[in-house]
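Colleague: Top line first, the protein sequences correspond to chains L and H. The first sequence begins at 1 in the working numbering and counts up one residue at a time. The second sequence begins at 1 in the working numbering and counts up one residue at a time.
Accuracy of the hints is not assured; some may be wrong.
[Unchecked claim] Here are the computed distance ranges between Cβ atoms for each label pair:
{"#": "1", "chain 1": "L", "residue 1": "Val-66", "chain 2": "H", "residue 2": "Asp-416", "range": "31 to 41 Å"}
{"#": "2", "chain 1": "L", "residue 1": "Asp-448", "chain 2": "H", "residue 2": "Ser-39", "range": "32 to 42 Å"}
{"#": "3", "chain 1": "H", "residue 1": "Asp-9", "chain 2": "L", "residue 2": "Lys-462", "range": "32 to 42 Å"}
{"#": "4", "chain 1": "L", "residue 1": "Ala-25", "chain 2": "H", "residue 2": "Pro-44", "range": "54 to 64 Å"}
{"#": "5", "chain 1": "L", "residue 1": "Leu-459", "chain 2": "H", "residue 2": "Pro-155", "range": "56 to 66 Å"}
{"#": "6", "chain 1": "L", "residue 1": "Val-453", "chain 2": "H", "residue 2": "Gly-69", "range": "50 to 60 Å"}
{"#": "7", "chain 1": "L", "residue 1": "Lys-462", "chain 2": "H", "residue 2": "Thr-311", "range": "27 to 37 Å"}
By construction, these hints were calculated from the structure, which means they are not laboratory data. Even glycine gets a Cβ: it sits at the ideal position worked out from N, Cα and C.
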Amino acid sequence: MSLPTISGDRGLDHEEKLIFELGRAGVTGVDLSDVKVSDARLSGLRRRGTIGLPGLSEPEAVRHYVRLSRMNYAIDAGLYPLGSCTMKHNPRLNEKLARLPGFADVHPLAPQSTVQGALALIAELMRWLTTLTGMPAVAMSPKAGAHGELCGILTIRAAIEARGEKRTRVLVPESAHGTNPASATFAGFTVDEVKAPPEGRVDLESLRGKLGPDVAAFMLTNPNTCGLFERDVLEIAAMVHKCGAYFYADGANFNAIAGRVRPGDLGVDAMHINLHKTFSTPHGGGGPGAGPVVLSARLAPFAPLPLLVHDEKGFRLIENRADVPEGAKPFGRMCAFHGQMGMFVRALAYMLSHGRDGIRQASEDAVLSANYVLASLKDVMSAPFEGPCMHEALFDEHFLHGTGVTTLDFAKVMIDEGYHPMTVYFPLVVHGAMLIEPTESESKESLDRFIHVLRTMALEAKAGKKERFEGAPRLAPRRRLDETAASRKPVLRWKAPDLPKAAE
Amino acid sequence: MRYLPLTKDDRAAMLARIGAPNVDALFRDVPKSAEAPLSGFDLPEVQGEIEVERTLSQMAARSTAAEAGPFFCGAGAYKHHVPAAVDHLIQRSEFLTSYTPYQPEISQGTLQYLFEFQTQVALLTGMEVANASLYDGSTAAAEAVLMAQRVTRRPKAILSGGLHPHYAETVETVANLHGKVVRAPVVPGRAEDLAAMIDNDTACIVVQSPDVFGMLHDLAPVAEAAHTKGVLLIAVVTEIVSLGLVEPPGHQGADIVAAEGQSIGNGLNFGGPYVGLFATREKFIRQMPGRLVGETADVDGRRGYVLTLSTREQHIRRDKATSNICTNSGLCALAFTIHLSLLGDEGFARLARINHARASALADRLAQVKGVSLITPSFFNEFTLRLPKPAAEVVEALAAKGILGGVPASRLLPADPAARDLLIVAATETNTDEDVAAFAKALTEVLS
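All chains should be modelled from the sequences, with the hints used to inform the complete structure.
Modeller: Have a look at this one:
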């Protein structure tokens with residue numbers, strides 16, 4: 001495999017320069033007829049000098065991005081067991097429909113009489129979200145899960161202020177996603193962590209000890225980040241409500257229970273839904289997502305602008321405080337315009353395709369697949385908690401003790417085996433965590449092959465074959481990268497070389 | 001169900017290995033009272049592609065697409081031509097169906113284009129560094145104000161009256177929790193004296209140029225006044241194409257640039273998803289929100305890229321993070337960087353000139369309509385007209401004639417009586433001479 005080549009490329013593996021090294025001044029891949037413009041209306045602010053952007057012709061641009069794409073792992077190419085991230089199949093129908101001009105080529109501030117179809121789509125998605133969650137209201141504008149968390153916590157803040165109370169603390173379990181404490185702080189609260197007991201679920205006594213008249217909310221992910229359903233959830237909700245606080249649910253794991261369990265029946269007051277997880281809008285290498293927040297009746301009046309109403313004239317967006325219906329007290333605005341329309345279309349297409357029965361089946365298959373992985377690996381790897389799990393199977397580093405192989409090494413060998421690693425070192429409450437979420441999109445054959453590979457790897461590690469783990473991956477476009485150097489002396493942009501190259 | 005590969009037999013075999021009698025047993029931790037039967041969901045059942053496509057196509061047909069006729073709406077979202085290659089490339093499976101690049105060895109494609117994106121954004125804005133994107137321009141502006149509050153340890157943010165009202169509300173919603181936001185009066189078509197509002201508590205001044213009415217502002221004087229008092233200048237740009245013709249904020253003394261990148265590579269999409277651009281000075285990088293990609297090398301010494309300075313971020317720092325952001329706008333940033341690579345310096349500057357020329361011609365033509373006056377003396381591709389009657393009514397009447405003739409200022413500023421007769425009009429490279437003539441004719445008819 002280390003066969004040197006003249007080009008530096010190897011078969012289908014191409015190295016690729018930066019656009020700044022490929023592009024030339026004066027080259028453009030877009031033909032536009034030039035015009036001269038006067039300075040009369042530029043207020044003396046005309047740009048002096050050039051920007052320095054490289055230009056590529058269309059063939060060069062296409063080749064550049066195709067080559068870059070081939071350095072990425074993707075769901076379409078293989079099993080992507082990244083726990084908590086829900087890497088399920090992204091149906092292409094949804095891509096096609098999101099590009100219909102009546103959704104994609106519509107301006108957010110076009111006269112409302114001309115955008116009734118777009119508003120109808122949002123209203124229909126709202127109906128699905130509220131029905132699936134058993135909650136009466138939903139705020140659609142948040143642009144991602146963390147933005148939804150912020151929206152939910154700000155709604156709670158507004159409700160508490162309307163009661164004339166002052167509550168400053170938000171309780172978050174140690175096992176929570178990092179976004180939970182970050183969002184609560186962002187919303188101006190102090191975060192108080194609830195210790196995780198060895199059983200992997202919230203300890204009612206610890207929670208009771210933390211609750212008090214200054215607590216605004218308890219944030220809980222359910223199923224939780226250890227892959228377990230919080231079986232005491234009804235008591236938790238009752239305890240939280242009894243002290244006058246609100247129960248926030250992180251809906252990142254809703255995909256395990258959608259179509260079977262309604263969060264509204266669990267006493268939840270607010271929950272964001274990652275449309276890019278449960279409802280399969282593509283992750284796109286890190287977004288865009290969408291994070292609508294469903295709200296209980298107590299919180300609904302405080303939902304942010306804009307609001308969507310339906311009356312005799314059709315659908316209407318209420319974008320300003322001056323126009324809100326009686327009883328509505330929006331806390332503010334999360335962003336310009338009305339939310340992630342492109343993601344709404346994809347999510348609704350997913351829902352309509354599955355139907356309520358398909359959504360329930362998808363949840364059941366996701367849970368079944370995770371339990372299958374857990375049952376098939378727990379004798380050679382170590383699972384910190386007794387099953388059944390929900391949609392993800394959690395392992396820890398215990399089975400690697402004494403082998404010289406770490407969780408990170410184990411994950412990196414998966415790359416050489418053609419897989420994306422599972423989520424590692426999260427949740428933080430388990431040592432050397434490995435969180436596997438196979439999703440409902442894998443066939444049994446695919447799961448069996450994956451299980452075979454992981455079993456063999458675990459046995460090899462235990463058999464002392466640590467060489468193949470150390471320094472893995474060896475077969476990827478890059479081997480391990482020096483992250484310490486990257487952060488010690490950050491190079492965050494390309495810069496032209498200081499000296500002109502000598503003539504050859 | 002076409003998306004679910006497991007068969008009945010597969011499920012039975014898997015349950016047997018697990019040792020569970022049925023799938024219900026796997027849900028045994030769910031309280032029985034919280035389990036809903038299928039009939040508890042008043043929703044339709046599984047449908048094929050044909051049915052779903054029919055339903056959504058019929059829905060889409062009930063909206064008027066921008067391409068359907070002469071179109072002049074802007075105010076923070078702009079209709080530009082996106083080359084066909086852009087949408088084709090972003091649908092490559094390896095871009096579309098990958099996650100945040102947490103495993104750099106098999107994510108170099110995403111990491112490299114984000115590094116290129118960061119460099120392009122820094123060059124465009126005239127700043128030293130940029131991040132790998134935020135949700136959109138409005139949330140980028142809010143993050144910029146929070147960052148200024150952290151950097152200066154002062155509470156107050158002064159917002160220009162020309163800042164897009166949705167942006168101002170987004171900033172107020174979060175920044176008032178950590179300090180105090182003050183909005184300057186709205187004076188359409190006129191310069192403001194923001195420097196006079198600075199006091200010892202001021203963290204930052206936020207100025208948009210071109211502003212929501214389309215007018216250009218010289219940022220240098222306000223930057224100078226701000227800097228003498230230790231105040232940061234945040235420049236907001238909602239039409240990024242303007243930077244192909246006018247001086248970038250970084251050359252006018254801005255400390256942070258928060259911009260909307262939708263115009264390049266991304267469609268209107270009824271308001272989202274868009275792509276937030278965030279750029280600043282190198283000395284502030286450890287206070288920046290969002291993901292950053294940095295250059296490094298692998299163990300064989302080959303150049304490569306990684307997510308870096310993660311100790312600012314929520315997954316490491318939790319409640320001490322600089323922002324709660326996780327998922328951002330990766331694929332929209334990809335569309336932006338591809339489109340900009342195709343344009344290059346030459347194409348981008350030309351695109352900007354065409355936009356300005358079209359808007360100038362349109363403004364000249366519409367200002368000839370009886371009773372109409374142009375109130376923005378300077379502009380890029382968007383300007384504001386004063387009409388002899390309420391702009392919202394005029395827009396509806398124009399829409400009835402098949403022309404989407406701009407955004408009435410009253411839609412954004414309903415409480416401001418001075419906004420009632422103002423119409424914000426944008427023109428881009430997508431508008432033809434025929435569009436301009438049709439708009440002028442229709443406006444004449446509507447106002448007569």
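Colleague: Quick one: which hint numbers does this structure break? Sort them smallest to largest.
Modeller: 1
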